[in-house]
Amino acid sequence: MKDIRKNWLLYLMFLPVAVYFVVFAYIPMGGVVMAFESYSRQGGMFLSEWVGFDNFHYFFASGKAWLVTRNTMVYNVMFLGCYTLFSIVAAVFLSEIRRKSFKKLSQTLMFLPYFISWVTVSAFVYNFLNYEYGIVNKLLHYMDVQALDIYSNTSYWYFLLPFLYVWKWVGYGSILYLAAIVGIDQEIYEAATIDGATRLQRITRITLPLLKPTMIILLLLGLGRIMRGEFDMFYQLIGNNGLLMDATDIIDTLAFRSLMGSADFGMASSVGLYQSVLTLIIILTANWLVRRYDREQALF
Amino acid sequence: MIRKTKSPFTMLALIALIALLLAACSSNNSSNTPASSKVSEEPSASASASPSDVSKETAAADTGNDNSEEVKLVGYLLGEAPKGMPDVMAALNEKLKKDINATLEINYIGWGDIAAKYPLILASGEDVDFVFTADWNFYVPEANKGSFKELTQDMFQKYMPKYAAKQDPAAYKAAQVNGKQYMIPTTTPDRKVGVIVLRKDVMEKAGLTNPTKISELGPYFAEIKKDYPNMIPLNLDSQYDLPAPFGALVQEKFAYAGAPLDSGDPSGVGNYTDQEDATGKILSITDEPVQGAFKYAAGIMKQWYDAGYVNKNPYSNKIRSKDNFCDGKSGVAFGNSIDIQATLSSCKDKNIDTYIMPVLSPTGHAPSNSWLNNGVAIAASSKHLERAMEALDLIMENQDYVFNAYYGIEGKNYVLTADDKLALPDGVTAADNTYPPDAAGFWFVDKDYFKPSASWTDSYIELNNKIKDFLQPIPYLGFTFNTDNVKTEIANLKNVSTQYFMPLAIGAVKDVDKQFDSLNSKMKAAGVDKVKTELETQASAFLAAKG
Numbered sequence: 001m002k003d004i005r006k007n008w009l010l011y012l013m014f015l016p017v018a019v020y021f022v023v024f025a026y027i028p029m030g031g032v033v034m035a036f037e038s039y040s041r042q043g044g045m046f047l048s049e050w051v052g053f054d055n056f057h058y059f060f061a062s063g064k065a066w067l068v069t070r071n072t073m074v075y076n077v078m079f080l081g082c083y084t085l086f087s088i089v090a091a092v093f094l095s096e097i098r099r100k101s102f103k104k105l106s107q108t109l110m111f112l113p114y115f116i117s118w119v120t121v122s123a124f125v126y127n128f129l130n131y132e133y134g135i136v137n138k139l140l141h142y143m144d145v146q147a148l149d150i151y152s153n154t155s156y157w158y159f160l161l162p163f164l165y166v167w168k169w170v171g172y173g174s175i176l177y178l179a180a181i182v183g184i185d186q187e188i189y190e191a192a193t194i195d196g197a198t199r200l201q202r203i204t205r206i207t208l209p210l211l212k213p214t215m216i217i218l219l220l221l222g223l224g225r226i227m228r229g230e231f232d233m234f235y236q237l238i239g240n241n242g243l244l245m246d247a248t249d250i251i252d253t254l255a256f257r258s259l260m261g262s263a264d265f266g267m268a269s270s271v272g273l274y275q276s277v278l279t280l281i282i283i284l285t286a287n288w289l290v291r292r293y294d295r296e297q298a299l300f
Numbered sequence: 001m002i003r004k005t006k007s008p009f010t011m012l013a014l015i016a017l018i019a020l021l022l023a024a025c026s027s028n029n030s031s032n033t034p035a036s037s038k039v040s041e042e043p044s045a046s047a048s049a050s051p052s053d054v055s056k057e058t059a060a061a062d063t064g065n066d067n068s069e070e071v072k073l074v075g076y077l078l079g080e081a082p083k084g085m086p087d088v089m090a091a092l093n094e095k096l097k098k099d100i101n102a103t104l105e106i107n108y109i110g111w112g113d114i115a116a117k118y119p120l121i122l123a124s125g126e127d128v129d130f131v132f133t134a135d136w137n138f139y140v141p142e143a144n145k146g147s148f149k150e151l152t153q154d155m156f157q158k159y160m161p162k163y164a165a166k167q168d169p170a171a172y173k174a175a176q177v178n179g180k181q182y183m184i185p186t187t188t189p190d191r192k193v194g195v196i197v198l199r200k201d202v203m204e205k206a207g208l209t210n211p212t213k214i215s216e217l218g219p220y221f222a223e224i225k226k227d228y229p230n231m232i233p234l235n236l237d238s239q240y241d242l243p244a245p246f247g248a249l250v251q252e253k254f255a256y257a258g259a260p261l262d263s264g265d266p267s268g269v270g271n272y273t274d275q276e277d278a279t280g281k282i283l284s285i286t287d288e289p290v291q292g293a294f295k296y297a298a299g300i301m302k303q304w305y306d307a308g309y310v311n312k313n314p315y316s317n318k319i320r321s322k323d324n325f326c327d328g329k330s331g332v333a334f335g336n337s338i339d340i341q342a343t344l345s346s347c348k349d350k351n352i353d354t355y356i357m358p359v360l361s362p363t364g365h366a367p368s369n370s371w372l373n374n375g376v377a378i379a380a381s382s383k384h385l386e387r388a389m390e391a392l393d394l395i396m397e398n399q400d401y402v403f404n405a406y407y408g409i410e411g412k413n414y415v416l417t418a419d420d421k422l423a424l425p426d427g428v429t430a431a432d433n434t435y436p437p438d439a440a441g442f443w444f445v446d447k448d449y450f451k452p453s454a455s456w457t458d459s460y461i462e463l464n465n466k467i468k469d470f471l472q473p474i475p476y477l478g479f480t481f482n483t484d485n486v487k488t489e490i491a492n493l494k495n496v497s498t499q500y501f502m503p504l505a506i507g508a509v510k511d512v513d514k515q516f517d518s519l520n521s522k523m524k525a526a527g528v529d530k531v532k533t534e535l536e537t538q539a540s541a542f543l544a545a546k547g
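In order, the protein sequence lines correspond to chains Z and G.
Heads up: the first sequence begins at 1 in the working numbering, then just goes up one per residue.
Heads up: the second sequence begins at 1 in the working numbering, then just goes up one per residue.
These aren't lab readings, by the way, just hints derived from the structure by calculation.
The hints are all genuine.
Some residues of chain Z that are not near chain G, with every Cβ distance over 12 Å (derived): (1) V77; (2) C82; (3) I116; (4) S117; (5) W167; (6) D195; (7) G272; (8) W288.
Facing chain Z, from chain G, some residues (calculated, C-beta under 10 Å): (9) N144; (10) K145; (11) N230; (12) I232; (13) L242; (14) K312; (15) N313; (16) D484; (17) K494; (18) F501; (19) L504; (20) A508; (21) V509.
Computed list of lysine-lysine pairs in DSS-like fashion (alpha-carbon distance at most 25 Å, straight line): (22) G/K412 / G/K98; (23) Z/K138 / G/K318; (24) G/K226 / Z/K138; (25) G/K348 / G/K329; (26) G/K225 / G/K350; (27) G/K83 / G/K447; (28) G/K318 / Z/K168; (29) Z/K168 / Z/K104; (30) G/K166 / G/K468; (31) G/K466 / G/K200; (32) G/K383 / G/K97; (33) Z/K138 / G/K225; (34) G/K205 / G/K329; (35) G/K166 / G/K447; (36) Z/K138 / G/K329.
Even glycine gets a Cβ: it sits at the ideal position worked out from N, Cα and C.
Use the sequences and the hints to build the structure in full.
Shown next as structure tokens:
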């Protein structure tokens with residue numbers, strides 16, 4: 001109480017954030033009960049018939065529970081890894097560019113995909129890659145190379161999906177890391193330069209080690225989303241393509257596909273709850289590992 | 001240390017806040033339910049009150065309902081608004097305002113979003129009075145969930161007198177879910193058959209004169225592949241066309257139809273019936289004739305796919321073949337005898353001669369459509385049940401309204417010729433008509449008011465004349481499958497079907513027999529037998545009730 005009175009301004013500044021999380025994160029948690037109910041309009045969220053774990057049955061009976069859980073995790077780990085790597089590389093490169101106009105230009109161009117929705121991306125990916133009149137196949141035809149049937153072969157997508165993900169997000173990530181780099185004390189670099197450190201040495205010995213805290217925090221935050229598949233992306237790019245499904249089906253698309261016809265809120269929430277529980281376990285584990293290794297860097 | 005004393009307090013405050021808000025939510029919820037049930041009771045209360053003041057005859061004349069308060073009705077239809085929609089709505093609203101002191105706003109749910117958006121609109125408690133519904137469009141599942149208001153005979157008599165006079169009593173029965181009716185089904189079930197449209201110029205070159213079956217079209221596709229580099233013989237879209245050629249091939253072997261057996265995805269449940277089998281035996285995919293016919297169809301599709309006759313990725317293609325047929329991008333157009341009209345007339349404008357091939361069973365028949373094929377339901381959250389029903393009575397059964405809603409504005413979107421045919425006004429072509437017939441989604445209006453169109457091609461007129469001979473009532477006319485008890489299985493079957501059946505249907509498989517085996521075993525695992533048992537129970541109860 002005393003603390004509040006003393007730092008009231010800080011608390012006031014915190015208030016909007018608190019309200020935001022209460023309204024959009026804590027209150028909706030009440031909806032978890034729907035996972036255990038047979039939802040009806042009359043009963044609504046809290047008074048529908050209680051059915052226990054029946055709603056979970058479908059997900060595990062689908063025979064794909066393990067497959068999609070694995071896909072979701074593998075893709076997200078891959079995404080997170082590529083995203084972090086390329087964001088850091090891009091941020092370091094950007095920070096080394098001396099010419100301002102070029103720096104701004106490349107930053108803008110890298111950031112641009114962030115604003116394009118997956119719906120649009122899927123439309124032009126389709127026009128690039130479709131078998132009959134895709135640009136890629138037109139070019140290959142021109143060069144007398146066999147046309148590629150990308151939409152029926154899973155192997156291309158193991159590369160394409162992370163590529164598109166990085167393409168879309170790297171601009172955003174690089175800004176976060178760039179901000180951290182800008183925050184590094186310039187005197188350290190000056191001292192290193194005077195001591196005769198090369199540019200590469202300055203990057204590997206100064207920039208990267210000092211980026212580590214930022215990286216760990218961003219990774220931990222990223223892990224929080226690891227069980228949430230990038231639904232927009234998978235749904236727009238792959239859709240209901242049965243040929244690619246074993247390789248590209250994630251929890252979110254599976255649930256969406258099987259439940260969209262019946263629109264059963266109970267069954268859908270059960271999948272959401274499953275994801276949340278796994279996420280919680282993953283975050284706690286990751287944070288515990290980080291804490292063991294370096295207490296300072298852990299989130300909590 | 002200060003930290004420690006503070007945090008329990010904030011946590012407590014938070015919890016208190018959450019509890020308060022939750023309580024507010026739930027009390028809101030529970031107070032809502034009685035309120036909504038009150039609304040539905042009101043009409044019956046006033047129904048018993050008003051006839052005492054007003055005699056029945058005058059009640060029919062000016063409906064005898066209290067329309068003194070102006071209301072705005074909100075309706076949802078499927079598809080998208082035609083360009084001329086605002087003008088048409090203005091005209092419609094002028095009439096509605098005069099007749100029942102109401103105005104109407106129509107919103108659309110796009111074809112691609114139906115599955116996601118339709119339940120959402122009903123669930124959100126958003127301002128919505130009526131929605132399009134049909135046995136193929138979530139009628140039963142949504143009715144089960146209580147998304148629609150129950151409709152009683154009293155209401156129809158009182159608020160929809162013209163409709164009640166016209167409707168077949170059997171339609172009310174067909175619309176019942178668990179003994180209660182939630183839909184206002186159309187009074188005129190569609191008289192339509194599935195059709196495949198071909199180009200006469202290609203047919204000539206391919207040496208085809210009179211094809212009647214899709215399996216005869218091999219040379220036609222080969223000709224396209226050879227001489228029309230920009231045209232894909234079967235340019236299928238992800239929704240409608242994808243299973244269409246497969247379905248047409250299966251139809252050559254037995255009277256196959258997915259739809260009313262499963263009130264959602266036709267290929268989802270893995271249970272079928274021969275629609276010309278009077279006993280109505282439910283068949284699974286391993287029973288004959290289903291298995292043989294499916295393998296036959298899948299074999300041909302595979303040949304065609306391997307020969308490059310089918311577009312490689314229909315899953316990402318959102319343009320129906322009937323919409324790019326006249327642009328020379330698709331070799332055939334799939335549709336039904338009603339929605340294909342626009343395609344035919346725009347081809348006519350471009351001087352492309354068309355040939356229409358109806359999709360029929362081996363005996364040359366097609367199942368007649370149920371009343372539930374097109375209809376409207378009143379949303380459970382609607383506060384204007386009476387007025388919405390009155391408005392729908394006018395829109396569905398009053399000729400002025402029907403023309404207005406279906407054809408647009410006279411003189412602008414259509415004119416009537418001297419011989420009582422429908423034509424376009426001078427200077428308007430099919431392509432730039434801002435309100436093409438049928439496009440606005442008012443499919444539930446009384447089709448007996450419709451006029452033949454002056455732009456119909458000879459072959460279309462010929463087809464139209466034959467349709468009534470093609471159509472034949474099926475044993476399961478008006479049957480809807482209530483999937484409430486097997487929704488887990490249905491959800492999984494839908495999934496299996498997307499992954500294992502769809503590739504088979506477009507021919508994109510390495511080995512038809514192997515794919516069949518995996519489809520079978522996955523369906524078994526997903527519980528197809530349980531669904532079959534449930535379906536058999538409901539189906540035999542339906543047949544028994546019908547007598």
